[in-house]
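Participant: Protein chains in written order, with UniProt numbering: chain L, 1 to 416; chain H, 1 to 416.
Be aware that a few hints might be false.
[Said to hold, decoys possible] Straight-line distance between alpha carbons at most 20 Å, and here's what the computed SDA-like set of lysine to any residue pairs gives: (1) H:K215 / L:M1; (2) L:K215 / H:T20; (3) H:K215 / L:T111; (4) H:K215 / L:P154; (5) L:K128 / H:V216; (6) L:K73 / H:I202; (7) H:K215 / L:A106; (8) L:K98 / H:R393; (9) H:K215 / L:P159; (10) L:K193 / H:I17; (11) L:K215 / H:G391; (12) L:K73 / H:E197; (13) L:K98 / H:T20; (14) L:K215 / H:E11; (15) H:K215 / L:V18; (16) L:K128 / H:P360; (17) H:K215 / L:T131; (18) L:K170 / L:M1; (19) H:K215 / L:K170; (20) L:K98 / H:T390; (21) L:K215 / L:K170.
[Claimed, not checked] Chain H is nowhere near these chain L residues, computed Cβ spacing over 10 Å in every case: (22) M1; (23) H83; (24) P94; (25) P142; (26) L198; (27) A227; (28) T232; (29) L236; (30) R326; (31) N413.
[As the list claims (entries may be wrong)] Label-pair restraints from in silico Cβ distances: (32) H:D238 / L:P295: 44 to 50 Å; (33) L:A199 / H:T111: 48 to 54 Å; (34) H:H174 / L:A93: 54 to 60 Å; (35) H:H228 / L:G33: 51 to 57 Å; (36) H:G249 / L:I189: 46 to 52 Å; (37) H:N217 / L:L386: 47 to 53 Å.
Hints in this document: simulated from the structure, not taken from any laboratory.
Even for Gly, the Cβ is constructed at its ideal location relative to N, Cα and C.
Protein chains: 2
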Amino acid sequence: MQAEIIAVGTEILLGQIVDTNSAFIAQELAQAGIEVYYHSLVGDNADRLTAVVNQARSRSDLVIISGGLGPTKDDLTKQTVAHLLGVKLVENAPAMAKIRQHFSTAERPMTPNNRLQALYPEGSQPLKNRTGMAVGAFYQDPNAADIMLLPGPPSEAEPMFAEQGVPLLKATYHRSEFLESRVLRFFGIGEGKLVTELADLIDQQTNPTIAPYAKVNEVTLRLTAQAHERATAVKLLDKMTATIQDRVGDYLYGFGDDNTLAAVVVNELIDRHLTITGAESLTAGKFQSTLGDVPGVSAIFPGGFVTYANSAKHDLLGIPQAIIDRDGVVSAATAQQMAERSRAILDTDFSLSFTGVAGPDSLEGHPAGTVWLGLAQRGHEPRARLVHLTGTRAAIRERSVMTGLDWLRRVLNGSK
Amino acid sequence: MQAEIIAVGTEILLGQIVDTNSAFIAQELAQAGIEVYYHSLVGDNADRLTAVVNQARSRSDLVIISGGLGPTKDDLTKQTVAHLLGVKLVENAPAMAKIRQHFSTAERPMTPNNRLQALYPEGSQPLKNRTGMAVGAFYQDPNAADIMLLPGPPSEAEPMFAEQGVPLLKATYHRSEFLESRVLRFFGIGEGKLVTELADLIDQQTNPTIAPYAKVNEVTLRLTAQAHERATAVKLLDKMTATIQDRVGDYLYGFGDDNTLAAVVVNELIDRHLTITGAESLTAGKFQSTLGDVPGVSAIFPGGFVTYANSAKHDLLGIPQAIIDRDGVVSAATAQQMAERSRAILDTDFSLSFTGVAGPDSLEGHPAGTVWLGLAQRGHEPRARLVHLTGTRAAIRERSVMTGLDWLRRVLNGSK
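Looking at chain L on its own, in the form it has when it is part of the complex (with noise of 0.2 Å):
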């Protein structure tokens, strides 16, 4: 079972854009047990289109192509591909149904050519495209290699090809044994410091695999195991998953592709009826968005502030002039006042505070990523915390909401 994966667009042929596509099926296909050989990428230019898809359907046994589904002119893979497999192009009354939908909400006239995206090689399997508009496809060819067509942006690819699309492979290649994977995810650990850690589970693994992988802020592992039953592939999952917690279990907050760290903590606050503001300087309302992006966040959340300024610090916090004066606004004793203060206003269980300094200039002396956090909890003393982040003025913000988060969570667990 061999895959190659085509990559299509000029834009990333240009260099305009970095295709992370390919890279991302890459790894989804190496857990799924499917071997890739080769990657092409080519522009939006049916003849050479054609020219690389045929050799690939010629040389390989499944075929997976990202991008030209989309409304444009420029969008021709879905056209290509069909004339090349000699089927017309057929309606998918659902997608169809969407796209309608949307342009009825938005109030906006639809175009004919945003009907295109609606349209799949006839005989194959329409894929959803739960965060997009234009439908993919799987086709499978009894003379040459399967088609996969997955859309162009990564928003739309990545949840389509990991939903559906590997499922299915599964499901077409794989019909007597199961795998089974599972992602772990860490938190304030390094990857080579994980890997470093687990060296000899990496260097010895067969079954389950195990698959780490750095994303910004955290690093996850996915271990996959395969058996013929799936209970069987479930017991190799528990049993390595106990001997990596047992060494970096600390550093563990979660299982799922899907999972976050806010999703963790925000859920565990529900569990216990436990309520949550918060005080931000450098975040901004980045950690309450954050909070935010968690459905059901309501039950727990009632909202809190932002006091980027001083002033604000002061009018909205009523914290007194001379604290600041006297210990800056990048220090223990303001976070302190602020996680206290605005948890007193709300009458939460929890407050943090974030003040600190984002960058790129440093402030009161301090250089860009010298970040205070707070945290205040109802019947308990304010505590503070300092940290050190390096990186862009992004990177420092993001990683001192994920370093709030964190420390909540093992406030939680009762840890520390």
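We have chain L; now place chain H onto it with these hints.
Facilitator: Chain H only, in chain L's frame:
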């Protein structure tokens, strides 16, 4: 003149790392006026590498290969290319001296495989590796495509290509053309509608070329012009920009690859010494956090309010419960009150407010995506605007923020 790019490496083939060299090389080639039709990616395997390089040599004039010049057993690009060219590998004395120097400084013994990094195909011009060990090469072949070899790590490939590769290619192929490009950024118009409005321009495009690209919540157009003089290329871009502005200028918010709607609005406020705050319900801090992304925002943004629960709208902003009871929280009256009261408390020139249904559940009988925006301006009556958005919870919150920023941009422009 047609070039082709090949990346070599099993790690990139399996998606463990994303290939960024190819995009970098493609961009530099485009700037040098050299067309690229294909990228390929192949693992560290001599047979498949030979097949891919031979195909490239037969259909292109120039093949640029990155990766596989290192000292390990996996690295076989140089050996494979020398073999298919029918030449032997020879030692580059300066590269060898650098390798010896490195091991001597590090006080480590030099293993024999490290000598490999100083070898290059006989008859080619060696390319010095300023940031690493492995020497590159440029081989001019009278019978097939010319070949350039670059190292795999971007920290070595990028400076080698930009500093030596590109000047060598320009000198070799006598490219005297300038390529200038410009990115136009649009909000509030879909990709389908935009390309329909510009259909004739896109159909007839020659110089400049016009490439549309749909990003999350915005669309960009990249114009690229070619001329013997830089000034002529810029004039071509100016003329096409003016034509596009005539048709869809209402949606054009700015220019440039790294620009954002938030940066345009914040910088306009800074220039005009106008301050802003916000009061956020469904967006839960995302609007203020987006302002916080822009360096220098502290000059015009003191902070603001996250009023997620009804109680917070009352407790923090003093919105009378009677208004919420009468009109509901998803209403023009609540949006106007949120904007005006937050503006008054922090004494700013503007405030934007956001109240609505992020989903997945409906609220007060309104479906997910029903959002009221409020805009308060010093000395004016507050206003409110209703929008109906589609997509995931994250998309609705993001789109709400963008819609608010665009409204403010238009108000600052005096248009609405």
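Participant: Run every hint past the structure and note whether it holds.
Facilitator: Right, here's what the structure says about each hint:
{"no.": "1", "hint": "H:K215 / L:M1", "result": "35 Å, violated"}
{"no.": "2", "hint": "L:K215 / H:T20", "result": "16 Å, holds"}
{"no.": "3", "hint": "H:K215 / L:T111", "result": "19 Å, holds"}
{"no.": "4", "hint": "H:K215 / L:P154", "result": "10 Å, holds"}
{"no.": "5", "hint": "L:K128 / H:V216", "result": "19 Å, holds"}
{"no.": "6", "hint": "L:K73 / H:I202", "result": "9 Å, holds"}
{"no.": "7", "hint": "H:K215 / L:A106", "result": "18 Å, holds"}
{"no.": "8", "hint": "L:K98 / H:R393", "result": "17 Å, holds"}
{"no.": "9", "hint": "H:K215 / L:P159", "result": "16 Å, holds"}
{"no.": "10", "hint": "L:K193 / H:I17", "result": "18 Å, holds"}
{"no.": "11", "hint": "L:K215 / H:G391", "result": "25 Å, violated"}
{"no.": "12", "hint": "L:K73 / H:E197", "result": "13 Å, holds"}
{"no.": "13", "hint": "L:K98 / H:T20", "result": "35 Å, violated"}
{"no.": "14", "hint": "L:K215 / H:E11", "result": "16 Å, holds"}
{"no.": "15", "hint": "H:K215 / L:V18", "result": "14 Å, holds"}
{"no.": "16", "hint": "L:K128 / H:P360", "result": "19 Å, holds"}
{"no.": "17", "hint": "H:K215 / L:T131", "result": "13 Å, holds"}
{"no.": "18", "hint": "L:K170 / L:M1", "result": "12 Å, holds"}
{"no.": "19", "hint": "H:K215 / L:K170", "result": "31 Å, violated"}
{"no.": "20", "hint": "L:K98 / H:T390", "result": "10 Å, holds"}
{"no.": "21", "hint": "L:K215 / L:K170", "result": "25 Å, violated"}
{"no.": "22", "hint": "M1", "result": "15 Å, holds"}
{"no.": "23", "hint": "H83", "result": "20 Å, holds"}
{"no.": "24", "hint": "P94", "result": "15 Å, holds"}
{"no.": "25", "hint": "P142", "result": "26 Å, holds"}
{"no.": "26", "hint": "L198", "result": "16 Å, holds"}
{"no.": "27", "hint": "A227", "result": "23 Å, holds"}
{"no.": "28", "hint": "T232", "result": "26 Å, holds"}
{"no.": "29", "hint": "L236", "result": "22 Å, holds"}
{"no.": "30", "hint": "R326", "result": "21 Å, holds"}
{"no.": "31", "hint": "N413", "result": "25 Å, holds"}
{"no.": "32", "hint": "H:D238 / L:P295: 44 to 50 Å", "result": "48 Å, holds"}
{"no.": "33", "hint": "L:A199 / H:T111: 48 to 54 Å", "result": "22 Å, violated"}
{"no.": "34", "hint": "H:H174 / L:A93: 54 to 60 Å", "result": "56 Å, holds"}
{"no.": "35", "hint": "H:H228 / L:G33: 51 to 57 Å", "result": "55 Å, holds"}
{"no.": "36", "hint": "H:G249 / L:I189: 46 to 52 Å", "result": "50 Å, holds"}
{"no.": "37", "hint": "H:N217 / L:L386: 47 to 53 Å", "result": "36 Å, violated"}
Of the numbered hints given earlier, the model fails hints 1, 11, 13, 19, 21, 33, 37; all others are met.
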